[in-house]
Amino acid sequence: MHELSLAASLFEILEENARGYKDARITAVTLRVGRLSGVVPELLRSAFDAYKKGTLAEGARLEIVVAPFDFRCRGCGGTSFREDPAAACAACGSKDVELVGGMDLVVEKIEVEVEDS
Amino acid sequence: MTRKDVLVQKDLLGTNKEVAAEIRKELRGRGILCVNLLSSPGSGKTALLEGLADRLKGRFRMAVIEGDIETERDAERIRARGVPAWQITTGGACHLEAKMVGKVLPGVPAAIDFLFIENVGNLVCPAGYDLGESLRCVLLSSPEGDDKPAKYPQAFATADVLILTKADLIPYLPFDPAGAAREALAINPRLRVFRVSALRGEGMDGLAAFFAEALAAERAARA
Chain A
22 MHELSLAASL FEILEENARG YKDARITAVT LRVGRLSGVV PELLRSAFDA YKKGTLAEGA
82 RLEIVVAPFD FRCRGCGGTS FREDPAAACA ACGSKDVELV GGMDLVVEKI EVEVEDS
Chain B
-6 MTRKDVLVQK DLLGTNKEVA AEIRKELRGR GILCVNLLSS PGSGKTALLE GLADRLKGRF
54 RMAVIEGDIE TERDAERIRA RGVPAWQITT GGACHLEAKM VGKVLPGVPA AIDFLFIENV
114 GNLVCPAGYD LGESLRCVLL SSPEGDDKPA KYPQAFATAD VLILTKADLI PYLPFDPAGA
174 AREALAINPR LRVFRVSALR GEGMDGLAAF FAEALAAERA ARA
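Heads up: the protein sequence lines correspond to chains A and B, in order.
Residue numbering for the first sequence follows the working numbering, beginning at 22 and increasing consecutively.
Residue numbering for the second sequence follows the working numbering, beginning at -6 and increasing consecutively.
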């Protein structure tokens, strides 16, 4: 797996987003991880902990939201979320469904602590 | 001290996706069909490319980018078929990334029809990385077992084509090709399914014809 290289990208994004705040410290990071992303949340957490030392996110907690599979039905056009990648459409039962989500690896938001001026 | 939430909404793979989009645009502009081959190690990616090289020869020009953790061996096998090949050795990385392909591209001749990229043998990690390909093919060899689509859904969900390889071994194995295809299609109904034996030649002419059609369709879409 490549969680360590993903952690490197994560810290680039963190630095970029905290740069605008003077003396900011990042106290929390929320990450959305799709079930189909191939990423193991626990490994990503270990990589995050290994990486954060000496950065402005040193004291940050990582919140990982695991996103389910997201389908669109080609039959009825309906969308549904499911735990099974081979499931049929929840609305009409059609097997002709298309996976449209579940691959996400997105930094949703960060919490920053700034000195009061 | 004040705490505030900052909305970020940035994709961890965003940089890779941007580089991949540039590669796709460049290759499409040059009328080249780029194909990314994904599979476990040993499922027959290189043998498939050798078979395709023999069948596309004379009518089309192809080039191959080989991804492996170590050695130049796969590129040498492809060159022995008279096809230009570039080896990317990742030195441990479990997948190819778009920027690795981008580094090799300037050396790839402009006058080719197909660019095949053989990814690092791994049915998990390469699925998350767009390389700028127009077609993604996942290979599943009969000795691996027909349960792989259900166990490793990412690769099958993101592919356009499923190639069941080592078909010549099916009579000797408890491998159900129809069952494997059914499970893969349940995850991704758009998959085109092929059954081949690169060693014996079964199904290889049909696969070569499919790539020729896909190339024509790509060029027609560009015009």
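Check before you lean on any hint, since a few could be wrong.
Unchecked claim - DSSO-like mimics (lysine-lysine), calculated; alpha carbons at most 27 angstroms apart, straight line:
#, chain 1, residue 1, chain 2, residue 2
1, B, 92, B, 18
2, A, 130, B, 3
3, A, 43, B, 3
4, B, 18, A, 73
5, A, 130, B, 18
6, A, 130, B, 144
7, A, 74, B, 144
8, B, 144, A, 116
9, B, 144, A, 43
10, A, 73, B, 144
11, A, 74, B, 3
12, A, 73, B, 92
13, A, 43, B, 18
Hints were generated in silico from the structure; no laboratory data involved.
Hints, one by one, checked against the model:
Annotation: proposed proximity of residue 92 of chain B to residue 18 of chain B holds, straight-line Cα distance about 14 angstroms (limit 27 angstroms). A C-alpha spacing of about 9 angstroms is found between residue 130 of chain A and residue 3 of chain B, which places the hinted pair at or below 27 angstroms, so the restraint holds. Between residue 43 of chain A and residue 3 of chain B the alpha-carbon distance is near 22 angstroms, which keeps this suggested pair within the 27 angstroms criterion. Restraint check for residue 18 of chain B and residue 73 of chain A: not satisfied, since their Cα atoms lie roughly 36 angstroms apart, outside the 27 angstroms limit.
With a C-alpha separation of about 31 angstroms, the suggested pairing of residue 130 of chain A with residue 18 of chain B is violated against the 27 angstroms cut-off. About 32 angstroms separates the Cα atoms of residue 130 of chain A and residue 144 of chain B, which puts this hinted pair outside 27 angstroms; it is violated. Among the hinted pairs, residue 74 of chain A with residue 144 of chain B is inconsistent with the structure: their alpha-carbon atoms are about 36 angstroms apart, more than 27 angstroms. Proximity of residue 144 of chain B to residue 116 of chain A is assessed by CA-CA distance (about 19 angstroms); at most 27 angstroms being required, the pair is judged to hold.
A hinted pair counts as satisfied when its Cα atoms are at most 27 angstroms apart, and residue 144 of chain B with residue 43 of chain A does not qualify at roughly 47 angstroms. Proximity of residue 73 of chain A to residue 144 of chain B is assessed by CA-CA distance (about 33 angstroms); at most 27 angstroms being required, the pair is judged violated. For the suggested pair residue 74 of chain A and residue 3 of chain B, the alpha carbons sit about 22 angstroms apart, so the restraint of at most 27 angstroms is met. Between the alpha carbons of residue 73 of chain A and residue 92 of chain B the distance comes to roughly 25 angstroms, so the proposed pair stays at or under 27 angstroms and holds.
The hinted pair formed by residue 43 of chain A and residue 18 of chain B fails the criterion: a straight-line CA distance of about 40 angstroms is larger than 27 angstroms.
Hints 4, 5, 6, 7, 9, 10 and 13 from the list above are not met by this structure, while the remaining hints are.
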